[in-house]
Each structure stands twice: as C-alpha cells, then as structure tokens.
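A.B. asks: Turn these sequences into a full structure, and let the hints steer you where they fit.
First to last, the protein sequences are chains A and B. The first sequence begins at 1 in this note's numbering and counts up one residue at a time. The second sequence begins at 1 in this note's numbering and counts up one residue at a time.
Simulated from the structure, these hints should not be mistaken for laboratory data. For clarity, every value in this text was computed on a predicted model and none was experimentally measured. Do not take every clue at face value.
[As the list claims (entries may be wrong)] The list that follows gives simulated cross-link-like pairs (lysine to aspartate or glutamate, EDC-like), each with its CA atoms no further than 16 Å apart:
#	chain 1	residue 1	chain 2	residue 2
1	A	K41	B	D29
2	B	K101	B	D29
3	B	K113	B	E17
4	B	K101	A	E59
5	A	K66	A	D88
6	B	K3	B	D22
[Said to hold, decoys possible] Partial chain A-side listing against chain B, Cβ under 7 Å, derived:
#	residue
7	S43
8	F91
9	P104
10	Q105
11	F107
12	D109
All C-beta atoms, glycine included, are put in the ideal place defined by N, C-alpha and C.
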Amino acid sequence: GAVVSQHPSWVICKSGTSVKIECRSLDFQATTMFWYRQFPKQSLMLMATSNEGSKATYEQGVEKDKFLINHASLTLSTLTVTSAHPEDSSFYICSAPQGPSNQPQHFGDGTRLSIL
Amino acid sequence: AQKITQTQPGMFVQEKEAVTLDCTYDTSDPSYGLFWYKQPSSGEMIFLIYQGSYDQQNATEGRYSLNFQKARKSANLVISASQLGDSAMYFCAMGETGGFKTIFGAGTRLFVKA
Numbered sequence: 001g002a003v004v005s006q007h008p009s010w011v012i013c014k015s016g017t018s019v020k021i022e023c024r025s026l027d028f029q030a031t032t033m034f035w036y037r038q039f040p041k042q043s044l045m046l047m048a049t050s051n052e053g054s055k056a057t058y059e060q061g062v063e064k065d066k067f068l069i070n071h072a073s074l075t076l077s078t079l080t081v082t083s084a085h086p087e088d089s090s091f092y093i094c095s096a097p098q099g100p101s102n103q104p105q106h107f108g109d110g111t112r113l114s115i116l
Numbered sequence: 001a002q003k004i005t006q007t008q009p010g011m012f013v014q015e016k017e018a019v020t021l022d023c024t025y026d027t028s029d030p031s032y033g034l035f036w037y038k039q040p041s042s043g044e045m046i047f048l049i050y051q052g053s054y055d056q057q058n059a060t061e062g063r064y065s066l067n068f069q070k071a072r073k074s075a076n077l078v079i080s081a082s083q084l085g086d087s088a089m090y091f092c093a094m095g096e097t098g099g100f101k102t103i104f105g106a107g108t109r110l111f112v113k114a
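C.D. replies: Laid out in structure tokens, this is it:
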C-alpha cells in the first residue's frame, strides 16, 4: 500500500485563490520531505526541502512567499500556493525518505493544480 | 557535481520484446544508490528497481533488470517481454550517501506497440 499520501489529487480554482496541498507519511516518521514541480513531458524539479520543526530550504529561483511550506509534525508537510495564477498550474508531487539518502524515496501520487 | 543523463527522449518497442533504457551518471561520492521510476500518464511515481554502488550483482525485479557498469558510470534499465502497460515515462535517479537530495534524469518516454 501507499506509504505517502498526498491530497488533493486534483484542484481547479480561480486565479487569486490560495491552495493547500498535504503530504502525509503513513506508518513512518519523516523529518524531511521534498516537494517537486513537474511540467508536462519534463522531469521533476525540486522546489524545496521541508524540515520538521524548522524552516524549509528552497531551491534557487523558487519564490518562498509564493510557495509556503509547513512541516508541523513528523508525518505531515503542507505546500500552500498563495494567490495562485495560471502560470502556477502544474503537477506537484511530494516525497519522503524512509532511510538513508542513497535509498529510494516514497512518493505521493501527486496533485494536478489548474488555475483558471 | 552529481548528474544523471538520459539521452533517449522517446523509445518504441514491440510488445513482447525486450528494451533497454539508457542512463549514465556522474558523482564523486563512492557510496550512492541508483533507482528507476515509472511514471504512467496518471502521474504517480512507481519505484521499479534499486542498485547500490557496492552491490556486486546487477539488480533484478521480475521483468526489470538493471545493467550496472560502474566503471562506465551507466545504469541501464532492461525491460524484458514488454507489455502494453509498460508504456509510460521512465526516470533514472540517484541518491548519494553523503548527499541529501535525489536527482533525476530528464526521462525517457516508452511506447509499446501491439
């Protein structure tokens, strides 16, 4: 079964709305989670590393005020796209490591975000 | 710097035939892991196979095998007896023990023909 749960799967909303995406680790604790963005027919682009109990680490070029990340517990990280605009439409996917960094990560099923 | 290269944007294979998806990598960390993921059109990332840098034998998982050539820094995925359901995007990825993030290649889209 899935070890990382991501919700919602689909979001369609109006421009200017803020959208929250949740990523939960099931049956294990994740002090770190990763948020990726993926455009059609492209690879995953790491946006930020979510750290439990501390600030997220953002990749270069990712707007911190646009993409708010909160890692309030050992099993939950949230990504909030604030004041979303059509250019924020994309596929967002989270992952969590269950072991050392040279081991594969567990991915959520992703969220398709469409901003009208 | 660590890097993953997948040079095949798209591949076609006839159903029931084998296909090899290429992946080369670059790292200075002696301890690392190589992974392949399948991403169907629905979007979820499905983990297929893992190869550790110190593993002596090539990894196999059912119809998937990883042709690991350490000296050449290549980690090609071999899918035997292709099925229509294998049509998807395939990503090669790497994680370093001394690192933190997983890095991904650009991906290869596989089309299986009936």
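A.B. asks: Against this structure, judge whether each hint is valid.
C.D. replies: Against the structure, the hints come out as follows:
Taking the CA atoms of A:K41 and B:D29, the gap is about 30 Å. The hint is violated against a cut of 16 Å. Our distance criterion of 16 Å between C-alpha atoms is met by B:K101 and B:D29, whose separation comes to about 13 Å. For the proposed pair B:K113 and B:E17, the alpha carbon gap of about 10 Å is at most 16 Å, so the pair holds. Among the hinted pairs, B:K101 with A:E59 is consistent with the structure: their alpha-carbon atoms are about 11 Å apart, no more than 16 Å.
Among the hinted pairs, A:K66 with A:D88 is consistent with the structure: their alpha-carbon atoms are about 10 Å apart, no more than 16 Å. The straight-line distance between the Cα atoms of B:K3 and B:D22 is roughly 14 Å, inside the 16 Å bound, and the hint therefore holds. This hint holds: A:S43 has a C-beta 5 Å from the nearest C-beta of chain B, less than the 7 Å allowed. For A:F91, the shortest C-beta to C-beta distance to chain B is roughly 6 Å, which falls under 7 Å, so the interface hint holds.
Taken as an interface hint, A:P104 checks out: its beta carbon lies about 4 Å from the nearest beta carbon of chain B, inside 7 Å. Interface restraint check: A:Q105 against chain B, minimum CB-CB distance 6 Å, threshold 7 Å, status holds. For A:F107, the shortest C-beta to C-beta distance to chain B is roughly 4 Å, which falls under 7 Å, so the interface hint holds. The closest approach between the C-beta of A:D109 and any C-beta of chain B is roughly 4 Å, which is under the 7 Å cut-off, so the hint is satisfied.
Violated hint for the displayed structure: number 1, the only one.
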